[in-house]
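K.L.:
As a plain string of letters, each chain reads:
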Amino acid sequence: MPGKIGRKVILLLLVVTVVLSASGVFAKNGRQDPKKPKVTLYDKAKKAGGKLVVTYKPNRGTIYPNIEELAKRSDMIIVGSVLSHKSSLTPDERFIAQDFLVKVHEVIKGDLARGRSVLVSFPGGTHRFADGTYAAIMPVGFKQPEDKGIYVFFLKSKTKGSAFNGQRLVSERQGMFALTKGTVEPSERAPDDPMNVKYREMPAASFLREIHKAVPVKKKQN
Amino acid sequence: MKRAGLLLVLITLVIWLAHAAPAEAGIEVNKQLTASTSNLAPSAVALPQNSCCVNPGDTDPHWECFDGACVQVYGCGQSVNCATCGCSSTDEWVCISNGGYWDSVTCSCEYGCDPTGSQESACISQGGYWDSFNCFCNYGCDPTGSQRQACLNAGRQWDQATCTCTQTDVCVCEEEELVGYDEYTYYYCDGYYYVYCTDAYYTYYQYCDGTCGPRQWTESDSYCYSYGEYCGGGGGGGGGGGSCWDTGDCWCDDWWGICCEYDYCYEMEFYAE
Numbered sequence: 001m002p003g004k005i006g007r008k009v010i011l012l013l014l015v016v017t018v019v020l021s022a023s024g025v026f027a028k029n030g031r032q033d034p035k036k037p038k039v040t041l042y043d044k045a046k047k048a049g050g051k052l053v054v055t056y057k058p059n060r061g062t063i064y065p066n067i068e069e070l071a072k073r074s075d076m077i078i079v080g081s082v083l084s085h086k087s088s089l090t091p092d093e094r095f096i097a098q099d100f101l102v103k104v105h106e107v108i109k110g111d112l113a114r115g116r117s118v119l120v121s122f123p124g125g126t127h128r129f130a131d132g133t134y135a136a137i138m139p140v141g142f143k144q145p146e147d148k149g150i151y152v153f154f155l156k157s158k159t160k161g162s163a164f165n166g167q168r169l170v171s172e173r174q175g176m177f178a179l180t181k182g183t184v185e186p187s188e189r190a191p192d193d194p195m196n197v198k199y200r201e202m203p204a205a206s207f208l209r210e211i212h213k214a215v216p217v218k219k220k221q222n
Numbered sequence: 001m002k003r004a005g006l007l008l009v010l011i012t013l014v015i016w017l018a019h020a021a022p023a024e025a026g027i028e029v030n031k032q033l034t035a036s037t038s039n040l041a042p043s044a045v046a047l048p049q050n051s052c053c054v055n056p057g058d059t060d061p062h063w064e065c066f067d068g069a070c071v072q073v074y075g076c077g078q079s080v081n082c083a084t085c086g087c088s089s090t091d092e093w094v095c096i097s098n099g100g101y102w103d104s105v106t107c108s109c110e111y112g113c114d115p116t117g118s119q120e121s122a123c124i125s126q127g128g129y130w131d132s133f134n135c136f137c138n139y140g141c142d143p144t145g146s147q148r149q150a151c152l153n154a155g156r157q158w159d160q161a162t163c164t165c166t167q168t169d170v171c172v173c174e175e176e177e178l179v180g181y182d183e184y185t186y187y188y189c190d191g192y193y194y195v196y197c198t199d200a201y202y203t204y205y206q207y208c209d210g211t212c213g214p215r216q217w218t219e220s221d222s223y224c225y226s227y228g229e230y231c232g233g234g235g236g237g238g239g240g241g242g243s244c245w246d247t248g249d250c251w252c253d254d255w256w257g258i259c260c261e262y263d264y265c266y267e268m269e270f271y272a273e
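Here the protein sequences line up with chains A and B, keeping their order.
Throughout the first sequence, residue numbering follows the numbering used here, covering 1 to 222 in sequence.
Throughout the second sequence, residue numbering follows the numbering used here, covering 1 to 273 in sequence.
Simulated from the structure, these hints should not be mistaken for laboratory data.
Warning: the hint list may mix true and false statements.
Straight-line alpha carbon distances no greater than 25 Å define the calculated SDA-like cross-link-like pairs of lysine to any residue that follow [said to hold, decoys possible]:
#1 K143/A to R73/A
#2 K143/A to D131/A
#3 K46/A to S104/B
#4 K148/A to Q216/B
#5 K213/A to Y201/B
#6 K44/A to Y129/B
#7 K143/A to R114/A
#8 K109/A to H85/A
#9 K160/A to K51/A
#10 K51/A to N138/B
#11 K46/A to Y129/B
#12 K213/A to N165/A
#13 K86/A to Y129/B
#14 K181/A to Y129/B
#15 K156/A to S104/B
#16 K47/A to Y129/B
Chain A stretches covered by chain B per the calculated footprint, using a threshold of three residues with CB under 8 Å from any CB of chain B [unchecked claim]:
#17 50 to 58
#18 65 to 75
#19 81 to 89
#20 117 to 129
#21 207 to 217
All values reported here derive from a predicted model rather than from experimental measurement.
Ideal Cβ positions, reconstructed from N, Cα and C, are used throughout, including at glycine.
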């Protein structure tokens with residue numbers, strides 16, 4: 001009997017050891033070694049012969065089925081027109097982001113003083129280094145905003161330590177809808193995406209009504 | 001027996017009549033009687049109560065919301081609180097598409113002094129802070145612009161960056177000259193079609209006499225276009241590392257050609273000219 005218990009304990013220990021070892025291996029594969037020197041975009045562009053063009057595919061791990069779900073998770077929802085945009089290297093020089101200056105026409109959710117504009121940051125853009133080396137990160141699968149366009153942005157609050165100058169979309173692919181042509185054009189381009197199925201080509205006024213249904217009007221406190 | 005049969009027929013007739021009444025009212029449902037175009041319409045308007053409504057609390061006619069307006073309609077139904085109807089989304093869109101600011105609490109539109117945003121854009125690109133209430137570009141050290149104006153009136157040069165008025169007269173500058181041009185062309189697959197891009201950088205030089213001295217700057221211009229050449233289906237999934245997105249704990253693996261940092265991931269898919 002004691003022999004049987006002893007074997008069981010040894011077996012259990014073995015299983016624990018194997019699990020711990022495996023998790024250690026995966027962790028090593030999945031995480032960057034802190035001792036490994038960081039490779040900047042400049043380094044990569046130099047290695048690529050002075051010009052680097054890479055594509056950027058945002059994660060589609062989470063797909064929201066409708067604007068109600070998107071609105072629930074947004075800290076701020078605004079309707080605004082893009083005044084201008086500018087690309088810049090992130091502080092760690094490993095990525096390029098584009099900041100879009102947005103003139104706010106309506107705040108549907110969140111607190112924003114009237115007349116304030118908002119800076120919305122998107123991944124991707126181009127950068128030319130001082131010696132002429134060039135890097136471009138081009139987003140694929142979703143449409144970026146265009147200057148003078150009118151959009152609805154579903155935004156999350158700016159997180160501390162973020163590499164981006166402005167606020168980010170709550171969902172990188174689904175969190176923006178163009179209304180420029182008077183009808184809805186979701187930023188997500190996959191035709192089978194729920195946002196495309198439900199809202200593409202919907203008249204702008206109807207779409208705004210849908211958003212207001214999802215976000216009840218907050219009465220101002222006097 | 002005959003009496004009992006007559007009673008049964010009578011009871012059946014009464015039940016049939018009681019159920020027939022709402023069905024007749026249903027024909028009138030959605031027929032608009034009156035409409036309040038404001039969300040400020042009274043929430044408790046006295047309505048003629050129709051005893052034919054089956055469900056308790058229902059009235060005929062009753063109030064319903066329609067595109068921000070409180071509308072009285074025939075038929076049985078629960079009346080909404082008109083204050084919850086919101087605004088007309090048609091008015092809202094007209095306001096927004098014309099550059100106005102829409103207040104969804106008061107259902108009002110306000111067109112500021114800069115509906116296109118061109119003044120604001122110019123102000124910010126010059127390093128100023130846009131005051132939308134006064135429609136004024138604030139450069140910090142000269143919030144009212146009076147110093148700048150006084151300097152220019154005196155025939156001197158105003159430096160917006162340092163907010164200083166130079167003692168010398170306004171510098172005389174020669175025509176700007178294009179001294180450098182760099183062009184970068186590339187293409188990539190945007191998930192559906194090939195996109196061809198060109199980024200151009202123009203470097204200018206301008207000689208100015210006096211204390212201004214020569215100056216040099218670079219302007220850039222970029223454009224992309226597509227011929228509609230299909231290159232593959234649908235953009236695919238993420239760049240890998242799902243946990244990176246959830247926890248903010250990111251990693252980068254050059255060997256695998258995948259990189260996730262902060263909350264962005266990308267594939268190292270190279271494109272040559």
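K.L.:
Taking beta carbons only, do three or more residues of the stretch 50 to 58 of chain A come closer than 8 Å to chain B?
P.N.:
holds (count 8)
K.L.:
Can the restraint linking K86/A and Y129/B be considered satisfied, given a maximum Cα separation of 25 Å?
P.N.:
holds (17 Å)
K.L.:
If you draw a straight line from the CA of K51/A to the CA of N138/B, is it 25 Å or shorter?
P.N.:
violated (39 Å)
K.L.:
Can the restraint linking K47/A and Y129/B be considered satisfied, given a maximum Cα separation of 25 Å?
P.N.:
violated (40 Å)
K.L.:
For the pair supplied as a hint, K44/A and Y129/B, confirm whether the alpha-carbon distance does not exceed 25 Å.
P.N.:
violated (37 Å)
K.L.:
Count the residues of the stretch 81 to 89 of chain A with a beta-carbon closer than 8 Å to any beta-carbon of chain B: does the count reach three?
P.N.:
That given contact holds, which follows from 3 residues of the stretch 81 to 89 of chain A lying within Cβ reach (below 8 Å) of chain B.
K.L.:
Does S104/B lie within 25 Å of K156/A when you go C-alpha to C-alpha?
P.N.:
At roughly 21 Å apart (the allowed maximum being 25 Å), S104/B and K156/A satisfy the hint.
K.L.:
Please verify whether K46/A and Y129/B have alpha carbons no more than 25 Å apart.
P.N.:
Not satisfied, since the Cα-Cα distance of roughly 37 Å exceeds 25 Å.
K.L.:
Quick one: see if chain B covers the stretch 117 to 129 of chain A, three-plus residues with Cβ-Cβ under 8 Å.
P.N.:
holds (count 4)
K.L.:
Given as covered by chain B, does the stretch 207 to 217 of chain A meet the bar of three residues or more with CB within less than 8 Å?
P.N.:
With 5 residues in contact (Cβ-Cβ under 8 Å with chain B), the coverage given for the stretch 207 to 217 of chain A holds.
K.L.:
Under a C-beta cut-off of less than 8 Å, do 3 or more residues of the stretch 65 to 75 of chain A approach chain B closely enough to confirm the stated coverage?
P.N.:
violated (count 0)
K.L.:
Are K160/A and K51/A close enough, with their CA atoms no more than 25 Å apart?
P.N.:
Outside the cut-off at roughly 32 Å; violated.
Hints 2, 3, 4, 5, 6, 7, 9, 10, 11, 12, 14, 16, 18 from the earlier list are contradicted by this structure; the remaining hints agree with it.
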